[in-house]
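Protein chains: 2
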Amino acid sequence: MNIEGYSYGKKEVPKSPVTLEELERLKQSASLTEEDLRHLKTAGDILEGQTDAVIDTWRGIIGSLPHLAYYFVGPDEKPDNEYKAKVKERFKQWVLDVCRRPLDQSWLDYQHEIGLRHTHQKKNRTDDATTPPHIPLRYILAFTAVVNDTIKPFLSRKGHSADAVEGMHRAWCKMVLLHVTLWSRAYVVETDW
Amino acid sequence: MNIEGYSYGKKEVPKSPVTLEELERLKQSASLTEEDLRHLKTAGDILEGQTDAVIDTWRGIIGSLPHLAYYFVGPDEKPDNEYKAKVKERFKQWVLDVCRRPLDQSWLDYQHEIGLRHTHQKKNRTDDATTPPHIPLRYILAFTAVVNDTIKPFLSRKGHSADAVEGMHRAWCKMVLLHVTLWSRAYVVETDW
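Chains as they are written, first to last, in the working numbering: chain L, 559 to 751; chain P, 559 to 751.
This is chain L alone, in the form it adopts within the complex (with noise of 0.2 Å):
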């Protein structure tokens, strides 16, 4: 596995001002449970081969918004295609990271990275690209909903039963509500975060 700018693990990658023990609140703030876990597992093996399949999916609905779009564009006005490829390739990479990375310190510091990439800090800087320079907090926060919402198709492709899809369906949607909580904090002073 290489993917271009992705560095999960990798020492470059500032820790996270979020302690492990703020982490343990907000898993249960968000009732994120050992079985839910589980149900992920599952979940990233039914997700494996659909990846490139599920980013289209969100793709296409930030395609059709030009609001959304506008943050894929170069100063050319048009959308800038290798900088889009190369986000690709780590928003593939995330799908299945959402589902069996381990709540640890590497995956808070990358939390943590992943949000400070949507903004003025490093948005740009690890493809080097020119788009616009900073993803507003509503856009990530209100467009959760279209992440959760269309992941529940591809988790029923592959034959499990509507009761094991819906357990692994919830166990999505806590999960990234995890996430993007994590990611708002580059938005947000530490006191009022």
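Using 27 Å as the maximum straight-line C-alpha spacing, the simulated DSS-like pairs for lysine-lysine come out as follows:
#: 1; chain 1: P; residue 1: K710; chain 2: L; residue 2: K716
#: 2; chain 1: P; residue 1: K585; chain 2: L; residue 2: K681
#: 3; chain 1: P; residue 1: K585; chain 2: L; residue 2: K710
#: 4; chain 1: P; residue 1: K716; chain 2: L; residue 2: K710
#: 5; chain 1: L; residue 1: K636; chain 2: P; residue 2: K585
#: 6; chain 1: L; residue 1: K585; chain 2: P; residue 2: K646
#: 7; chain 1: P; residue 1: K710; chain 2: L; residue 2: K599
#: 8; chain 1: L; residue 1: K569; chain 2: L; residue 2: K680
#: 9; chain 1: L; residue 1: K710; chain 2: P; residue 2: K710
#: 10; chain 1: P; residue 1: K636; chain 2: L; residue 2: K585
#: 11; chain 1: P; residue 1: K585; chain 2: L; residue 2: K646
#: 12; chain 1: P; residue 1: K642; chain 2: P; residue 2: K568
Everything labelled a hint here was simulated from the structure, so no lab data went into it.
Take the given structure of chain L and dock chain P to it, following the hints.
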């Protein structure tokens, strides 16, 4: 209907800094459709007699987690029951408002008001209470997972088909994320939000 401190549509509610045009973009970003709004109307009828039980479910989880229960505690380190009771009535009404209120200027203004009432800017003020003055954004976002996950059994309690419950639940999840997105405005500087 006379709920203390519930000022939806009243002129003392300041205008939201978010425009209706931006709201339209956020609805699109969450893929909130006309069909979702129809599902939510039905959900409102189903939830109408159950709001007390819904809030008790959420409060049960909050109460079991000291780091969340903390925000309802007075200077004597005991739960402020008067404050809890008043907030509960508004929270119950919120469940129905999620399902029924048109997404107009009054709606937009009240979402911002709700956001402010979770922060330093306005927490405690409505009820003249003395609980901690600010609920961190991270707990609002993480707890959204609970609000979305736990509503589903309530939607299935009136004999609707699995498909209908699924449709209502999808709509609920999108709509709640739209709300939380607007509440986050009170936490983030304008240029980053």
